[in-house]
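Residue strings, one per chain:
Number of protein chains: 2
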Amino acid sequence: MPKPTSIILDWGTSSLRAMLVSETGETLDTRDTSSGGIQFVKNGAFEQALMEAVGEWFSAHGPLPVLASGMITSRNGWVEVPYVDTPGGIAELAAGTRKLTLQNGAVITFLPGMRDPAANPFPDVMRGEETQIVGYGLGRDRTLVLPGTHSKWARVRDNRIDGFQTYATGEVFSLLTKHSFIAKALEPQPGAEPDWQSFDRGAEFAASDSAAADAFLSAIFSARTGILDGKLKPEDILDYVSGLVIGSEFRQARAAGWFKNGDTIGIVGNNVLNSRYGRIAPLFGLMVEPAPENAAKRGIMLIAAEAAQ
Amino acid sequence: MPKPTSIILDWGTSSLRAMLVSETGETLDTRDTSSGGIQFVKNGAFEQALMEAVGEWFSAHGPLPVLASGMITSRNGWVEVPYVDTPGGIAELAAGTRKLTLQNGAVITFLPGMRDPAANPFPDVMRGEETQIVGYGLGRDRTLVLPGTHSKWARVRDNRIDGFQTYATGEVFSLLTKHSFIAKALEPQPGAEPDWQSFDRGAEFAASDSAAADAFLSAIFSARTGILDGKLKPEDILDYVSGLVIGSEFRQARAAGWFKNGDTIGIVGNNVLNSRYGRIAPLFGLMVEPAPENAAKRGIMLIAAEAAQ
Chain A
0 MPKPTSIILD
10 WGTSSLRAML
20 VSETGETLDT
30 RDTSSGGIQF
40 VKNGAFEQAL
50 MEAVGEWFSA
60 HGPLPVLASG
70 MITSRNGWVE
80 VPYVDTPGGI
90 AELAAGTRKL
100 TLQNGAVITF
110 LPGMRDPAAN
120 PFPDVMRGEE
130 TQIVGYGLGR
140 DRTLVLPGTH
150 SKWARVRDNR
160 IDGFQTYATG
170 EVFSLLTKHS
180 FIAKALEPQP
190 GAEPDWQSFD
200 RGAEFAASDS
210 AAADAFLSAI
220 FSARTGILDG
230 KLKPEDILDY
240 VSGLVIGSEF
250 RQARAAGWFK
260 NGDTIGIVGN
270 NVLNSRYGRI
280 APLFGLMVEP
290 APENAAKRGI
300 MLIAAEAAQ
Chain B
0 MPKPTSIILD
10 WGTSSLRAML
20 VSETGETLDT
30 RDTSSGGIQF
40 VKNGAFEQAL
50 MEAVGEWFSA
60 HGPLPVLASG
70 MITSRNGWVE
80 VPYVDTPGGI
90 AELAAGTRKL
100 TLQNGAVITF
110 LPGMRDPAAN
120 PFPDVMRGEE
130 TQIVGYGLGR
140 DRTLVLPGTH
150 SKWARVRDNR
160 IDGFQTYATG
170 EVFSLLTKHS
180 FIAKALEPQP
190 GAEPDWQSFD
200 RGAEFAASDS
210 AAADAFLSAI
220 FSARTGILDG
230 KLKPEDILDY
240 VSGLVIGSEF
250 RQARAAGWFK
260 NGDTIGIVGN
270 NVLNSRYGRI
280 APLFGLMVEP
290 APENAAKRGI
300 MLIAAEAAQ
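If you read the protein sequences in the order shown, they are chains A and B.
Numbered per numbering that gives the first Met the number 0, the first sequence finishes at 308, counting up by one with no gaps.
Numbered per numbering that gives the first Met the number 0, the second sequence finishes at 308, counting up by one with no gaps.
Bound conformation, chain A alone (with noise of 0.2 Å):
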């Protein structure tokens, strides 16, 4: 097998995910433990909850480098990495890096998460997510949308990320589903396939020229009439509401300016909503340029790079 070079983490609230890669970026193991989520690792103990997951690593390879993203990088994490502004690309991520050395000499190189100054009403920000628009490709200025429980969306201009803005989606579609008048009257599908007609039904309507579709405190009322109205039974609620939802963050993202009828797109992340957000660009006269596999692994290899030099 290629020789290792580094140990990549992507390290959150609730689990460790890590990487052992090769200099051209093949992994050639992982490890994925929720019990090292930051929320579980007491009394400050990330070096004993770090070579818990990956100490057999170094033990049969040395002290390679470490890089690590995700919250871990945050005030509840091990080193706390100040936000780099933007407009930001590469150099600038790179000089925001921290590093540490372990007990075993082995560097961990902690990278920064960003934060937009001009979004309004406060300063937006992202930790993790910059790794996979730095992975994307900097190289054409284009708006990114990263799917998500908290999903963004970003401009690259001129090598760098320009600016970005988070739409809490995801979250809002579980409060929807499970919480509220629509939780009470959605029955789940059999299978697990989307019930994609449902999902372009709700869709269709945020899409659409209908002024009703703007008022999204009211369009998710739809939910209980379809169902009043008989347009739709229990079991087409829950994509329904995804397609609702979704197509709403396309809806309100193109009235806050991200992007216009034309345009062409970059749809990122390694998540199973690429492909509900894939569907629903085409109703917003959008066009999608395919993604790279692993993007953020790329980002956070691009930004360590230059941070070594």
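Bear in mind the hints are in silico, worked out from the structure with no lab data behind them.
Incorrect hints may appear among the rest.
Identical copies go unnamed one by one, so any copy, or any two together, can satisfy a pair.
Capping the alpha-carbon separation at 30 Å, the derived lysine-lysine pairs in BS3-like fashion look like this [what the hints assert, rightly or not]:
(1) 232 <-> 183
(2) 41 <-> 232
(3) 41 <-> 183
(4) 232 <-> 177
(5) 98 <-> 177
(6) 98 <-> 2
(7) 2 <-> 41
Assemble chain B onto chain A, guided by the hints.
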């Protein structure tokens, strides 16, 4: 005391509220019982539940006519009364009532809800709010807002309710502040008075020229970024989110065509939310016309009087 002439019921899912009223609408006595809420009434024993609540009024005053509105007229209630379509006024609502004679000879009149068949993407519905609108008065062409868990924006035109739209604002506020990332960050305030300064900050952003305020799914994330930026404190969050969410309802209602700058609207309902809505209206260039007390009772009596003719 004035002579009792009817019994008015606001009979909902979770409670039964009864008023003993005089011919002029004076409330002579009240009963309020949660055990009578339709979700607690088993095997269709609604008449028994009614007698437990107000039987002594019948004993004392004879078989007074009873006027019922609320979810008691829904599919899960006592008598399902079909919705009356907009546009519709007192005559149409009166024609849509259903009557039932009780064992003691009293006649109970069930009032219909309303349905707006022109709403998008599906016909909208309400049950009870239409009595408040009628009680407010149909004499002037106006947009009215009825704050609540599921607020209604309605238009009065030519002595009829011309159309309406539901906004699930109160429910979304509750979801955000009880179950979301916001719930984890907020701290309860000392005292029960709203923190109007925090409320205004949320409302003013919703009313601002910023395109970001059109993106509701993003705007709610400001409850986090405001704390990270040191601009909001955990004890500010509850009222900040209240101002932001209600302000967003106004912003969305404006986008959906319910009002424009300079209009006069009515805020209807006997509701603690009214002061919050009234505080936001001027931010959108709206004047507010005072609503009469007990609009619902007044509306029910007007519809019932027409139905009795």
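*Classify it for me, residue 41 with residue 183: is the Cα-Cα distance of at most 30 Å met within a copy, between copies, both or neither?*
Intra 38 Å, inter 20 Å, cutoff 30 Å: inter-copy only.
*Could you place residue 98 and residue 2 in one of the four classes (within, between, both, neither) given a Cα distance threshold of 30 Å?*
Close inside one copy (23 Å), not across copies (85 Å); limit 30 Å.
_At most 30 Å between CA atoms: does that hold for residue 98 and residue 177 within a copy, between copies, both, or neither?_
For residue 98 and residue 177, neither the intra-copy (42 Å) nor the inter-copy (39 Å) Cα distance is at most 30 Å.
*At 30 Å max between alpha carbons, let me know whether residue 232 reaches residue 183 within a copy, between copies, both or neither.*
within (13 Å within a copy, 34 Å between copies)
*Quick one: residue 2 to residue 41, C-alpha cut-off 30 Å, is that within a copy, between copies, both, or neither?*
neither (34 Å within a copy, 72 Å between copies)
*asked:* If the cut is 30 Å between Cα atoms, do residue 41 and residue 232 qualify within a copy, between copies, both or neither?
replied: Between copies only: 26 Å across chains, 47 Å inside a chain, cut-off 30 Å.
*State whether the alpha carbon distance between residue 232 and residue 177 is at most 30 Å within one copy, between copies, both, or neither.*
Intra 17 Å, inter 28 Å, cutoff 30 Å: intra and inter.
Taken one by one, the earlier hints fail for this structure at numbers 5 and 7, listed in ascending order.
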